[in-house]
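K.L.:
Single-letter residue listing:
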Amino acid sequence: MRNELRRLVRDPGLFVVVVLVFASLGLFIAFPLGRVLQTSLFPRGVFAPTYFKYFLEGRPYLLRPFLNSLTVGTLVALAGTMVGFIFAYVVTRTDVPGKAVFRWIATLPIISPPFLLALSAILLLGRHGIITRFVQANWGFTWNIYGLPGLVLTETLAYFPLAFMTLEGVLAGIDPALEESALDLGASKLRTFTRITLPLATPGLAAAILLLLIRSLEDFGNPIVIQGRFPVLTVQAYLAITGMYNLPLGATLCVILLIPTVVAFILQRYWVTRRSYVTVTGRPSTAGLRSTEPWIKWPLFGVVCLLSTIVVLFYGMVFYGAFTKLWGVNYSLTLENFAYVFSTGATYLTNTLKLAGIATPLGGILGVLIAYLVSRKRFPGRATMDFLSMMNFAVPGIIVGIGYILAFNTPPIQLTGTAAIIVLVFIFQRMPVGIREGIAMLQQVDPTIDEAAADLGAGFFRTFRRITLPLIAPAVVAGMAYMFSACITSISAVIMVVSARWQLITVALLHEVDNADLSQAAAYGVVIVVVVMLAIFLLDFLVGRVLLRRGKHAR
Amino acid sequence: MLAELVLRELTKVFRARREAVVAVDHLNLAVGKGELVTLLGPSGCGKTTTLRLVGGFEDPDGGAIYLGDQEITHVPPQRRNTATVFQSYGLFPHMTVFENVAFGLKTRRVPRREIRDRVRVTLGLVGLAGLEHRPPSKLSGGQQQRVALARALVVSPQVLLFDEPLSNLDAKLRVETREHIKRIQKELRITSLYVTHDQAEAMAISDRIAVLNQGRVQQIGTPYEIYAKPANAFVADFIGRANLLHVKVKAVRDEQTELELPNGKTISVSGFPDLVVGETVTAVIRPEAVDLAPPESGDLMGKVIFAHYTGSLGTYRVELWEGTSINIEVLNPQEEGFLEPGLLVGLRLHRRTIHILREQ
Ligand SMILES: Nc1ncnc2c1ncn2[C@@H]1O[C@H](COP(=O)(O)OP(=O)(O)O)[C@@H](O)[C@H]1O
Ligand SMILES: [Mg+2]
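Chains A and B are the protein sequences, given in the same order.
Residue numbering for the first sequence follows our numbering, starting at 1 and increasing by one per position.
Residue numbering for the second sequence follows our numbering, starting at 1001 and increasing by one per position.
Pulled out of the complex, with its shape left as it was, chain A reads as follows:
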């Protein structure tokens, strides 16, 4: 510790950077969260945790959202992980056709705003939904998609791809030779699956379940559209603040939401990942075990095809909805909705692009810098920096947004209503992904290279700029592509900090849903998806260029 401090002071570049990073993390991550805690526990400057008392007493308006959130979260985590596992199993362990299509379909929900699924659930299954009307006309019964069924359906579709991606890596990392030798020793297919494959995939399954639980707990976009009379915590916290102006209640709901998410996050990060049998660096084996028996393969294939069709149907519905006059009333085709998006909605779109465009490089650089510091440098407080910087991974966006409102609406730092607060939310909410990408990439770079640079006289900045950054440039660009699209589609945190002057396209979409103009909302959705795809395509192209240029030198 003393050594580390001495070392830090003697490397002025490093010292300055560490201090600045800590200052920014403290101000824009810890402080807003602290304000949420403070507002819930000390509403008027004195200790009065009234709503916590009510919560423990079991008052329904506090307890029900809590139980509802946990119910939805658990169901979504289990269903989504199961679906993800089936997808992953089919892709890694069978030789069915169309795998590339499945992969592509599984990425759709990741690049689109999640609440788009809630929107199309209403287009399909809502009171005026296509399927609803068809069933009603032919069989005379109907249902209510709002509430628990709609939440579980839309969130499962929105988040199963995360489970798929986790489990695909896990399954690909399990050497088929293990399964083959079990078969070789006389175990049946089923026994091999239950005794070998499943146990080896268990840490991955646990990780996927926890990840989906977190995502569902912190989801805001889907519930605000489709929760109906089944209130969940994120939406209730939002309503407490924007509808009732009851800050202590909103803050208390935030804290109640924070507890399960943080527990799940800590379990996922410090427990599950440590019990993983499969090394991340293990080369995914491509050979072997592709000839699963037909009676296993084709039913699974059927399931995957069905699910893929559902995903495609949901997205297709948004497109269709965007070209109809007024959903539920007049289904004739039109371009009016897009005309509206590109006239009235144009400012929202340019605002979103502008602010995301500012936030992305800033967040990207900061993320890489932090990744570099925590994975390569030794200094006092390194573990704290790691934890602080990854915190917004676990903290639901709505809490981040409420924290910003509480922290930055009064001097000395008054930011509410400005563009800056939106940019800051973008940066600090989306940075963890950049950090993770950066760390993953840095693990591929021999630390000796850094040491060699220092050995030859290069200080912190020179090493970072001349050696580290060029070496991990592809990851930086990829991380920024992700961050940019995540900013464009994000809603939960920014909905708290947008203003009349700085309105964003996702929020505009929600307003249209609120006004029951679903066609209009769908048009916004289509524009968002197209913009994100363009951005990803463009950045993919850029990454390709960077890789090509580097490819000439890369070892």
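By construction, these hints were calculated from the structure, which means they are not laboratory data.
As the structure is a prediction and not an experimental result, all values here were calculated from the model.
The reader is advised that the hints may include incorrect statements.
Calculated lysine to aspartate or glutamate pairs in the DMTMM-like style (CA-CA distance at most 25 angstroms, straight line) [to be verified]: (1) K1106/B / E451/A; (2) K377/A / E1019/B; (3) K1106/B / E336/A; (4) K1229/B / E1176/B; (5) K1186/B / D1207/B; (6) K377/A / D95/A; (7) K1106/B / D446/A; (8) K377/A / E1071/B; (9) K1033/B / E1187/B; (10) K1303/B / D1274/B; (11) K1138/B / D11/A; (12) K1248/B / D1274/B; (13) K1303/B / E1279/B; (14) K377/A / E1187/B; (15) K377/A / D1059/B; (16) K1248/B / D1299/B; (17) K1182/B / D11/A.
Keeping the supplied structure of chain A fixed, place chain B with the ligands upon it in accordance with the hints.
P.N.:
Quick look at chain B with the ligands alone, frame taken from chain A:
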């Protein structure tokens, strides 16, 4: 000799959770100007850690490091005038050979023209002229190694540090490269600290060798000294092969010492005037310092229990009595003289190469 690099009571402890590993334990060492000193020892004995302490990549928990007339114990690596040839080379993959070698000069703000000249001279010295514009990935292992060497040499460091620089090369190239390194080092008279676990490499390249075990220096000396006069059983056994035999001191005259072998025979060796009559000491007998003789005619007698023919050497293990055997090497063995297991042989010890250890 003027010491250029001095390590005084240097200590480094790695703490991981509950354990603490003392990687370097009160280590003292002085490297003279222009001298090449090797840290030699088994894997995990703290060689790399010592070198990294000198390079500034680790911070010591105790002791001090002096470079020239300055203390550099806690100076960060970028401000030490040392240069390291890393085990994995650490070449910058996104730069050409030229850029790699020029990197250290650029950080020192050397003028462009001078950079060009110095890089060219150094690349010529290590035999890489003409490869300036290749990326490291387009070089063979031996060439990469020489880029690493050139990159360290070009900045004219006060001390050059080598961490097992040959370990990634194949056996033949290893021998060539170590001769090459030695020649350049002598030519430039550059003070060097060299780490290896390969004793042949250490013997070939070093002016002096420091033998390390468990973070402690066991002995410092010239290759001859540590082989012929090992300070303790560890050094005797680690450097080459050694047979250790407990013997009793029978008589000590001015120049001659009489030792009683376990079988009662007495041999007389020169030197060791400090020994006390009656004490038991350990005799270090090198395998090549024993001649075969007809049974009953040597100093010792035993049964061959193992025989191995490698071409240039015949290697035997001879059991002297229950539980004790010694290893013997015979240079250039002939077919008719080669012994089969089960035969009885006599052994004659070379008096001049017997070394005595006081410790038990
Ligand atoms: N960064 C580290 N953290 C913990 N222990 C270490 C670290 N580096 C080395 N050690 C330990 O210190 C001892 C000496 O290591 P090292 O200097 O690498 O040995 P050598 O180079 O002689 O093989 C070993 O026991 C090793 O496990
Ligand atoms: Mg080593």
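K.L.:
All hints are to be evaluated individually against the structure, with a verdict given for each.
P.N.:
To see whether the hints hold, each was checked on the structure:
1. For a cut-off of 25 angstroms, the pair hint linking K1106/B to E451/A stands: about 16 angstroms separates their Cα positions.
2. With a CA separation close to 22 angstroms, the supplied pair K377/A and E1019/B stays within the 25 angstroms bound.
3. Restraint check for K1106/B and E336/A: not satisfied, since their Cα atoms lie roughly 62 angstroms apart, outside the 25 angstroms limit.
4. The suggested pairing of K1229/B with E1176/B is violated, with an alpha-carbon distance near 29 angstroms, which exceeds 25 angstroms.
5. Using a Cα cut-off of 25 angstroms, the hinted pair K1186/B and D1207/B holds, with the two alpha carbons roughly 10 angstroms apart.
6. Our distance criterion of 25 angstroms between C-alpha atoms is broken by K377/A and D95/A, whose separation comes to about 45 angstroms.
7. Distance restraint check for K1106/B and D446/A: the Cα-Cα separation of roughly 22 angstroms lies within the 25 angstroms cut-off, and the hinted pair is therefore satisfied.
8. In summary, the hint linking K377/A to E1071/B is supported, as the alpha carbons are separated by about 24 angstroms, within the 25 angstroms threshold.
9. The hinted pair formed by K1033/B and E1187/B meets the criterion: a straight-line CA distance of about 13 angstroms does not exceed 25 angstroms.
10. Of the pairs offered as hints, the one joining K1303/B and D1274/B is violated, with about 35 angstroms between alpha carbons and a cut-off of 25 angstroms exceeded.
11. Using a Cα cut-off of 25 angstroms, the hinted pair K1138/B and D11/A is violated, with the two alpha carbons roughly 35 angstroms apart.
12. Distance restraint check for K1248/B and D1274/B: the Cα-Cα separation of roughly 14 angstroms lies within the 25 angstroms cut-off, and the hinted pair is therefore satisfied.
13. Between K1303/B and E1279/B the CA atoms are separated by roughly 29 angstroms; this puts the pair beyond 25 angstroms, and the hint is violated.
14. Restraint check for K377/A and E1187/B: not satisfied, since their Cα atoms lie roughly 37 angstroms apart, outside the 25 angstroms limit.
15. Pair hint K377/A plus D1059/B holds up; C-alpha atoms about 13 angstroms apart against a cutoff of 25 angstroms.
16. Distance restraint check for K1248/B and D1299/B: the Cα-Cα separation of roughly 15 angstroms lies within the 25 angstroms cut-off, and the hinted pair is therefore satisfied.
17. Under the criterion of a C-alpha separation no larger than 25 angstroms, the hint pairing K1182/B with D11/A is inconsistent with the structure, at around 35 angstroms.
Going down the numbered hints, you'll see the structure goes against 3, 4, 6, 10, 11, 13, 14, 17, while the others check out.
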